[in-house]
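Chemist: What follows is the residue order along each chain.
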Amino acid sequence: ETGVTQTPRHLVMGMTNKKSLKCEQHLGHNAMYWYKQSAKKPLELMFVYNFKEQTENNSVPSRFSPECPNSSHLFLHLHTLQPEDSALYLCASSQDHATAYGYTFGSGTRLTVV
Amino acid sequence: AQSVTQLDSHVSVSEGTPVLLRCNYSSSYSPSLFWYVQHPNKGLQLLLKYTSAATLVKGINGFEAEFKKSETSFHLTKPSAHMSDAAEYFCVVSRGPGGSYIPTFGRGTSLIVHP
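Residue numbers (our numbering), protein chains in the order written: chain S, 1 to 114; chain X, 1001 to 1115.
Treat the hints as calculated values from the structure; they're not laboratory data. Among the hints, a few may not be true.
Said to hold, decoys possible - Quick partial rundown of chain S residues pointing at chain X, CB under 10 Å, derived from the structure:
{"no.": "1", "residue": "Thr2"}
{"no.": "2", "residue": "Leu45"}
{"no.": "3", "residue": "Ala87"}
{"no.": "4", "residue": "Tyr103"}
Unchecked claim - Derived coverage of chain X by chain S (criterion: at least 3 residues anywhere in the stretch with Cβ under 8 Å from a Cβ of chain S; other residues may be distant):
{"no.": "5", "region": "1041 to 1048"}
{"no.": "6", "region": "1104 to 1114"}
Every residue gets a Cβ at the ideal spot worked out from N, C-alpha and C, and that includes glycine.
Using the sequences and the accompanying hints, generate a full structural model.
Modeler: What follows is the structure, encoded as structure tokens:
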């Protein structure tokens, strides 16, 4: 375990479903991130939270809705997704949003949209 | 602006032979540079990082990388490959402390280790 826990590990959902991905860290980090990893494409930054405040939304469609209730927890709420949204969704945390410290990643949630 | 290029999408080596994974970067500022490893069905793990201290950086599992400003390179090396090193490796550049923090990931290099 890296200290960043993501649940569920695998998720299959229909295009009309609503589901949520959860990320939890107890490393004392103040910044948390959502990344999307698709086959044959570079890692895509989706959202950044620093001290519970969203500081980056990288032009992500509104069918993805993040929530950060505290510095230890991060959610990604999903609704009316498309098949092209199928990917590995990775959560990461860092001391703060200065990446000189490096990120700690979770193992990801493998999402399949059918 | 910043960018990172991993020069090989796949590298194949025999167990016990040296590993070289190449990375070139572009940055308008003094960069911070990282290498991450991703094993199948796992998240990314930080191998090592350069943040303007010593140019030769040692990481976990016997890996090291050398920052060469004149060549804008940050190649990852290991003297002797092990079967467990087979994974995807990502080179990452960011502007560094005090600057724009959004990191740029390379497309990854798949390391294949033959027995």
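Chemist: Going through the earlier hints one by one, which of them does the structure break, listed in rising order?
Modeler: Violated: hint 3 alone.
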